[in-house]
Amino acid sequence: MIRLSRIFLLVLCSLILLMTLAGSASASVEYYEENIIQGDGYQINNYVIDVTDVFLSDKLAVFKVYKNGADKPIYDKMIGINESFKFALENGEIELKLLSVSSGVINRANVLITVKNVDVYSTGIVNGGHEYATYSGTPVIELTKTVDESNIMIGDIITVTVTAKNTGDDKATNVIFSDPKQEHFILDKNILPEQTGPMSLDIGASQTIFVYMLKATEAGTFTLKSSTATFSNSANQVFPQALSTTPTVTVTAPEVQEVPKKNAVLELSTDVDRMTVKRNDKIIATISIKNTGDAPASAVWIDMIIPQDLEYVSGDSTIEIIGGVPKIYMGSFGVQQEKEFTYAVKASELGTYTLTTKLSYEYDNGVDAGNQKVSTESVTGNVYVQKGKYDALLEQPIYVYALPIIAIIAIGAWIFYRHKQYKF
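The numbering used here puts the first residue of the sequence shown at 133, with every later residue one more than the last.
Since the hints were derived computationally from the structure, they do not count as laboratory data. Incorrect hints may appear among the rest.
As the list claims (entries may be wrong) - Computed cross-link-like contacts, DSS-like style, restricted to lysine-lysine with a CA-CA straight-line distance of at most 30 Å:
hint, residue 1, residue 2
1, Lys218, Lys297
2, Lys394, Lys471
3, Lys414, Lys478
4, Lys490, Lys471
5, Lys422, Lys459
Start from the sequences, fold in the hints, and give me the full structure.
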């Protein structure tokens with residue numbers, strides 16, 4: 133029970149605090165409590181409250197409210213002591229209450245002016261009333277960025293001009309200009325010293341702010357970045373930043389004559405002298421290579437891949453056995469040059485075989501950095517290895533050959549023995 137009471141008390145305090153904050157957020161502020169002489173006015177922003185008449189005997193006063201120096205008032209009120217009237221001002225409200233009237237050289241009204249939810253930026257007594265008040269308006273700065281040429285080549289120079297004009301209804305004050313660095317261009321020269329500010333710009337006034345030259349460094353279509361201006365009005369109200377127009381410049385790269393690339397094209401073929409051979413007969417392979425391109429080749433390697441059950445027997449003197457693989461190396465191979473190489477292999481087992489030749493080389497195409505690398509290969513047709521002339525004999529069981537041999541040896545021994553008997 134005690135715990136619930138504490139929770140209730142906490143919630144109640146929170147509600148009271150929120151209501152207090154909400155009330156203070158919209159609370160009225162007593163802004164002015166003084167005398168205003170008949171014929172004078174009191175200005176709040178662009179509104180002026182004129183005291184047009186003060187009647188001492190009747191304890192009355194007449195108030196007229198003017199907006200932005202208009203000839204006709206937006207409010208015309210006559211009120212007595214402790215009476216008041218309200219009028220809307222921008223997003224808020226103004227309340228004027230007559231506290232008393234008094235005499236002097238000129239009659240005067242003692243008033244209390246209360247302001248609610250109004251951003252006050254200009255206040256004060258206006259001698260002579262609204263006709264003598266100074267009103268603030270809205271300056272509008274139009275920034276224009278132009279280029280003298282919009283289609284140029286890389287390396288060409290354009291002139292950029294930025295001008296500002298105040299097309300609003302109030303003087304622009306505390307004006308500060310800025311101009312960003314342009315990508316894809318470099319600054320060549322400033323023709324006009326930069327007018328960055330701060331400065332002021334009267335209604336309708338124009339001024340050239342920047343004039344400079346840019347050199348194009350890249351090809352493409354580019355939109356120049358906006359120049360900017362920050363400014364206030366005559367009442368020192370700050371306005372949103374103004375942006376300039378953004379011209380587009382197309383930069384073209386000069387035509388460069390394309391250099392044709394050269395190629396080394398080594399055509400490779402491998403042939404054998406016959407497609408059917410007897411076991412243990414030689415197979416003669418011929419490798420043909422020809423450069424049909426327009427550039428010489430270098431670092432030419434030819435590898436002869438010998439299948440298992442085939443034995444390399446012999447070959448041209450240029451063939452070396454490296455790592456168990458027959459290879460040919462040539463440091464260079466000229467345009468239209470052609471060569472042939474032969475080698476022999478022998479089959480120890482029956483079967484079907486192919487011979488593969490792998491070729492790799494490099495060449496300079498005359499354009500790209502570094503050599504181009506190429507690899508290719510050629511494969512012969514199937515080579516069939518069949519039984520040899522005496523393979524059928526070797527395939528018979530050993531006793532087929534052993535029994536006749538034993539018989540012959542026995543007969544020979546018996547004849548030799550009988551021969552010796554008859555000799556004696």
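Checking one constraint from the list: CA of Lys394 to CA of Lys471, max 30 Å. Satisfied? holds, 22 Å
Taking only the CA atoms, is the gap from Lys414 to Lys478 under or equal to 30 Å? holds, 5 Å
Below or equal to 30 Å on CA atoms is what counts here, so check Lys422 against Lys459. Measuring from Cα to Cα gives roughly 17 Å; hence the hint holds.
Lys490 and Lys471: Cα distance at most 30 Å? Since the Cα atoms of Lys490 and Lys471 sit roughly 15 Å apart, the hinted pair holds (cutoff 30 Å).
Does the structure keep Lys218 and Lys297 at a Cα separation of 30 Å or less? Distance of about 39 Å is beyond 30 Å: violated.
The structure fails to meet hint 1 from the earlier list, while all remaining hints are met.
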